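Colleague: Required output: the full structure, derived from the provided sequences and hints.
Which chain is which? The protein sequence lines are L and Z, in order. Per the numbering used here, the very first residue in the first sequence carries number 1; after that it's consecutive. Per the numbering used here, the very first residue in the second sequence carries number 1; after that it's consecutive.
Derived by calculation from the structure, the hints in this document are not laboratory data. Note that this is a predicted model, so its numbers are computed, not measured. No residue lacks a Cβ here, since even glycine has one placed at the ideal position from N, Cα and C. Do not rely on the hints blindly, as some may be mistaken.
Rough simulated footprint, nothing fancy, chain Z against chain L, three-plus residues with beta-carbon under 8 Å [what the hints assert, rightly or not]:
id	segment
1	53 to 59
2	82 to 94
3	98 to 104
Calculated lysine to aspartate or glutamate pairs in the DMTMM-like style (CA-CA distance at most 20 Å, straight line) [unchecked claim]:
id	chain 1	residue 1	chain 2	residue 2
4	Z	14	Z	41
5	Z	2	Z	31
6	Z	2	Z	76
7	Z	167	Z	41
8	Z	217	L	23
9	Z	167	Z	76
10	Z	101	Z	13
11	Z	98	Z	31
12	Z	2	Z	41
13	L	96	Z	172
14	L	92	Z	172
15	Z	101	Z	172
16	Z	184	L	115
17	Z	101	Z	80
18	Z	98	Z	41
19	L	27	Z	76
20	Z	101	Z	31
21	L	29	Z	172
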Amino acid sequence: MHLINVYTLSIIFSVTFLFVVIELVRKNKIQERYSLLWIFMSIILLILSSSPFFINTLAKLLYIVNPPSLLFLFGLVYLLIYNLHITVVISKQSEKITRLAQELALLKQYKGNKEKNV
Amino acid sequence: MKILTIIPAYNEEKTITSVISNVRRYIPESDILVVNDGSSDNTPLYAAAANAMIINLPFNLGIGGAMQTGYMFARDNNYDIAVQVDGDGQHNPSDIQKLVKPVIDNLTDMVIGSRYISRTSYKSTYLRRIGMVFFSALVAFLTGNRVRDTTSGFRVVNRDIINYFAKNYPIDYPEVDVLVKLHKKGFRIMEIPVEMNRRQCGRSSITPFRSVYYMIKVSISLLIGAIRPADSQ
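Modeller: So, in C-alpha cells, the structure goes:
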C-alpha cells in the first residue's frame with residue numbers, strides 16, 4: 001500500500017480543514033453557527049478516510065467499482081448541500097437588509113418632519 | 001446607582017403587562033426597558049401602555065441580539081447596573097433585590113438567579129435537565145467555576161460587564177456562552193437560588209430536535225471560546 005494515497009490525503013486534508021475552520025471561528029471571521037456544517041463535514045470526511053473499510057463497504061452496497069471515487073462523490077454532494085445552505089442564509093439576509101433600508105428611510109422621514117414642526 | 005431592567009420580549013402580549021408592573025413593584029428605583037424583538041402581536045402596545053421605555057427591533061434578532069441592544073442602551077445612558085428579566089413571566093421580580101444587592105456591594109460583577117442550587121419546585125423536561133447538567137459540567141471543566149444553572153437568563157450585571165456585553169454578546173443562545181467568555185476576562189460570577197415559574201403562556205422556542213442541535217452548537221462554541229485569546233475583541 002503506497003504511503004500517499006487518496007485516503008491519507010483525505011485525512012491530511014480534513015484535519016487541516018478542521019483546523020482552519022476552528023481558527024477562523026476563533027478569530028471571529030466566521031460566526032459559530034455557520035461553521036457547524038463545515039466542522040460536521042470535516043469530521044465525517046475524517047472518519048470515512050480513516051480506514052478503507054468504510055468506503056469499501058459503502059462502495060459495494062452502491063455497486064461502485066472504484067471505492068475512492070466515493071470520497072469525491074461525498075465531497076461534491078457536500079459542496080452542493082453547503083451551497084444550498086448558504087443560499088438560504090443569503091436570502092434571509094437580503095430580506096433583513098431590505099427591512100433595514102426601509103426603516104432607515106422612514107426614520108429619516110420622521111426626523112425631517114419633526115425638525116420642520118419644531 | 002442607576003439601574004435598568006431589560007425585558008426582552010417576543011410575542012409576550014399575555015404576560016408583558018404583569019411583568020412590567022411586578023418589576024415596578026419590587027424594584028421601583030429601576031428604569032424599565034422593553035426590547036421588542038420583532039413581535040407580531042400586541043406586545044409593543046401593551047408595553048407602551050404600561051409606560052415602559054421601548055425599543056422596537058425592525059425584525060427578530062433572537063435573545064442574543066435583543067439583549068445586546070438593551071446592553072447598548074444601558075451603556076449609552078450610563079446605567080450602573082443592568083437586570084435581565086424575561087418577558088414571559090418565568091422570572092420573579094420579587095427576587096430582583098436580592099440578586100442586585102451583591103453587585104451594588106461590589107461583591108461580584110454578575111449574579112445569576114439559579115434554579116438548581118437548592119431544591120426548587122421548578123420542573124423541566126428530562127432532556128432539558130440532561131442538557132443543564134451537561135453544560136454545567138462543561139462550563140465547570142472549562143472555567144473551574146461551578147455554575148449550576150447555565151442557561152438562566154435571570155441575571156444582574158455591573159457597568160464593566162454592560163460595556164463588555166454592548167460590544168460582545170453571542171447571537172445564538174448566549175447565556176451559556178458568556179460564562180466562559182466572562183471567566184476568561186476575569187469577571188466574578190455569583191449564583192443565588194431563586195424560584196422560577198413554568199412558562200405561563202405561549203410556547204418555548206426550543207423543541208427536542210432544537211435541543212440537541214443547540215447542545216452541539218453551544219458545546220462547540222464553548223470549546224472554541226475557551227481557546228480564544230482572552231483579549232481579542
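Colleague: Hint by hint, say whether it matches the structure.
Modeller: Here's how the hints hold up against the structure:
no.: 1; hint: 53 to 59; in the structure: violated (count 0)
no.: 2; hint: 82 to 94; in the structure: violated (count 0)
no.: 3; hint: 98 to 104; in the structure: holds (count 3)
no.: 4; hint: Z/14 with Z/41; in the structure: holds, 10 Å
no.: 5; hint: Z/2 with Z/31; in the structure: holds, 8 Å
no.: 6; hint: Z/2 with Z/76; in the structure: holds, 12 Å
no.: 7; hint: Z/167 with Z/41; in the structure: violated, 30 Å
no.: 8; hint: Z/217 with L/23; in the structure: holds, 16 Å
no.: 9; hint: Z/167 with Z/76; in the structure: holds, 12 Å
no.: 10; hint: Z/101 with Z/13; in the structure: violated, 30 Å
no.: 11; hint: Z/98 with Z/31; in the structure: holds, 17 Å
no.: 12; hint: Z/2 with Z/41; in the structure: violated, 31 Å
no.: 13; hint: L/96 with Z/172; in the structure: holds, 17 Å
no.: 14; hint: L/92 with Z/172; in the structure: holds, 16 Å
no.: 15; hint: Z/101 with Z/172; in the structure: violated, 29 Å
no.: 16; hint: Z/184 with L/115; in the structure: violated, 47 Å
no.: 17; hint: Z/101 with Z/80; in the structure: holds, 13 Å
no.: 18; hint: Z/98 with Z/41; in the structure: violated, 33 Å
no.: 19; hint: L/27 with Z/76; in the structure: violated, 27 Å
no.: 20; hint: Z/101 with Z/31; in the structure: holds, 16 Å
no.: 21; hint: L/29 with Z/172; in the structure: holds, 16 Å
Violation of the numbered hints given earlier is confined to hints 1, 2, 7, 10, 12, 15, 16, 18 and 19; the remaining hints are satisfied by the structure.
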